[in-house]
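> First to last, the sequence lines map onto chains D and B.
Every letter in the first sequence is one number past the one before it in the working numbering, and letter 147, counting from 1, is 147.
Every letter in the second sequence is one number past the one before it in the working numbering, and letter 62, counting from 1, is 62.
If you are wondering where the hints come from, they were derived from the structure by calculation, not from laboratory data.
All C-beta atoms, glycine included, are put in the ideal place defined by N, C-alpha and C.
A few of these clues could be false.
In silico DSSO-like pairs for lysine-lysine, Cα to Cα no more than 30 angstroms straight-line [to be verified]:
id, chain 1, residue 1, chain 2, residue 2
1, B, LYS134, D, LYS149
2, D, LYS233, B, LYS167
3, B, LYS37, D, LYS176
4, B, LYS228, D, LYS233
5, D, LYS244, B, LYS334
6, B, LYS195, D, LYS251
7, D, LYS239, B, LYS134
8, D, LYS264, B, LYS334
9, D, LYS252, B, LYS195
10, B, LYS134, D, LYS251
These stretches of chain B come out as covered by chain D in the derived footprint (C-beta under 8 angstroms, 3 or more residues) [claimed, not checked]:
id, region
11, 54–63
12, 74–86
13, 168–177
14, 272–283
15, 309–316
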Amino acid sequence: MNILVCIKQVPDTKIIKINPKTNTLDRSSAPAILNPYDAHGVQEAVRLRKIHGGKVTVLCMGPPMAREAIKKCVEIGADEGYLISDRRFAGADTLATSYALYKAIQKLMKQDGIDLVLCGKHAIDGDTGQTGPGIARRIGIPPLTNVIKVEEVDLDSQQMKVRRKIEKGYEIIQSKLPCLLTVEKEINTVAYSPLPNMLRAARYEPIVWTVDDLEDVDIKQLGLKGSPTIVGKMWPPAKSEGAKMIDGDVKKQASELVKHMLEKRELFEVKGGEQA
Amino acid sequence: MNLEEYRGVWVFIEQREGKLVDVGLELLGAGRALADKLEVDLCGVLLGSNVKDLAKDTFEYGADKVYVIDDPILEQYRTETYMKAVGDLVRKYKPEIFLYGATANGKDLASAVATEVMTGLTADTTLLDVNLEKRLFEASRPAFGGNIMATILCKKHRPQMATVRPKVMKKLDPQPGRVGEVIEESISLKEENLKTKVIEIVRSAKAAVNLEEAEIIVSAGKGIKDEKGFKMVEQLADVLNATVGASRDVVEMGLCGHDHQVGQTGATVTPKLYIAIGISGAVQHVVGMQNSEMIIAINNDPDATIFNVAHFGVVADAFEIVPLLTEEFKKALKNEVEAEEGGVAHV
Ligand SMILES: Cc1cc2nc3c(=O)[nH]c(=O)nc-3n(C[C@H](O)[C@H](O)[C@H](O)COP(=O)(O)OP(=O)(O)OC[C@H]3O[C@@H](n4cnc5c(N)ncnc54)[C@H](O)[C@@H]3O)c2cc1C
Ligand SMILES: Nc1ncnc2c1ncn2[C@@H]1O[C@H](COP(=O)(O)O)[C@@H](O)[C@H]1O
């Protein structure tokens, strides 16, 4: 079973800071990491490979430094990693991103055949979750989003069953292979990497492709030019009058707060009231 | 692409097991304002099996027209069938704006349709408007990593599409008897040619955490540091009979599940009382809770932006004040109970 995982390198949004004066990102404050959801994608691919054999390949579009994210995937257990990197990809929104990844996937499909494509539920820098279904539509395979469990893979009949998270529950959906899954964190826990993987990752060099390595590419659909959406204006959200601040020592602060909370008296059922 | 051919504001009307989902009606409220500004029709798109009767409800909530495809093949949501159905409608009727609820299936559908018809899609918007002069849709959302909003435009492609979280927009008051036009279309897909099949749908009657309907929420931010801090917040919530909320960072730390997350990519909440503990007030969090009736913020940084949206604030160490607050509140309630019981005895 050959599995392709699309992975993205993202700034760690837990750490990134904004410059309050200029309202711009202080990029130097944020280390780049493998998108956490994609780590779960790689882990799931490695798990499926253990059962069904085959190969796990990861694919990333990004600047040269995104090599590090690919190495991280090799640590988790990926066999091979491709980085598509070219100035002409830069500034892509999700439509242009899915096009570029699709072109690379087409080439990989020709090379080795692909039974399954995995993506993260979303990338934490934009949280759009649009790229996965976009890729699936371009390849012409079904997207199964928000997957929390792979129930069954039957390579003979080329079918798989997965559990998708939906509002207040889940659904079980069956699909022909190949298909594309976007995975939630619940799908697995990313294991600590075994030492041989770490050693391999340390030496590993991803295969890098530029636009010229891909076939039949319509340059107009790439990067900024191929992106229908653009950022118009940016502004800080309106400030309200601000809070009434309660000063004094903690004790006084606490009792003042309680007083204000009790302005909403109707919210707090007096226990024991029924007795009366 | 001739942009002039594209007219009208569309809303995807999601239904689940034959019932309309609220977010569709909320988007009709938001879409109505856009359609009025542009002087065009507001149209719903309703897909499913035996769903035609639901159309009349959408008229009461502001729709002028509803495109309905009622076909057994659409009984359950599947990307391949819904994408085809919506794609065909878009190609035929050419709307200029198309809104979808950011639910699991709404997001899935919008993403697939954007690629199907090759247009732009803005995710998780919180503010919608149009620039009349340029006849452009302005879809705004909190931007990456901080305290800033960004307006996303889609100048050269149509329709201009956006997803919107549930509870962000408001339904109109229903106008009983308001009518509109139902336009029935069909779909030409055969089950045997499809690649996917829904085997089973399992919904639990009650969600484990129901932030959206909670009246009191006590929310934990990264300032509570660890499990011990989270416990402390839970104890306060317990005494107040409140639901526990959290910032994304707390969810990412693994202290609670995503169903506790408040904000742009969590729940949008409107409780009567919201207590934010150790939350900095990033715009992605604030958009999810700013419409709470009373907001109390506790933070040890006097410059934390959460104080801009709060009604009452204290600059204090959460680890000192929260246990105190829990005790004081318990006491206050107990005093009242005693006073009340005393009162009853006198009668
Ligand atoms: C695409 C995207 C979507 C996002 N969606 C969401 C979302 O839906 N919801 C969400 O919440 N965030 C979301 N975020 C993240 C958001 O930008 C912030 O990073 C996050 O809200 C910050 O969480 P926080 O306030 O808990 O942590 P921090 O920003 O680290 O703030 C911690 C606060 O605690 C205070 N503090 C520290 N110690 C103490 C103490 N002892 N006592 C009292 N106070 C203390 C600090 O002064 C600080 O203000 C999103 C980000 C992105 C990029
Ligand atoms: N530049 C990229 N390179 C590889 N995969 C990507 C890239 N951008 C997005 N993806 C994939 O698409 C998923 C969703 O991303 P997004 O639509 O940006 O939220 C990610 O979890 C990745 O699996």
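> Hint by hint, note whether the structure agrees.
Structure-based check of each hint:
no.	hint	verdict
1	LYS134(B) x LYS149(D)	46 angstroms, violated
2	LYS233(D) x LYS167(B)	25 angstroms, holds
3	LYS37(B) x LYS176(D)	46 angstroms, violated
4	LYS228(B) x LYS233(D)	42 angstroms, violated
5	LYS244(D) x LYS334(B)	27 angstroms, holds
6	LYS195(B) x LYS251(D)	64 angstroms, violated
7	LYS239(D) x LYS134(B)	28 angstroms, holds
8	LYS264(D) x LYS334(B)	16 angstroms, holds
9	LYS252(D) x LYS195(B)	65 angstroms, violated
10	LYS134(B) x LYS251(D)	57 angstroms, violated
11	54–63	violated (count 0)
12	74–86	holds (count 5)
13	168–177	violated (count 0)
14	272–283	holds (count 3)
15	309–316	holds (count 8)
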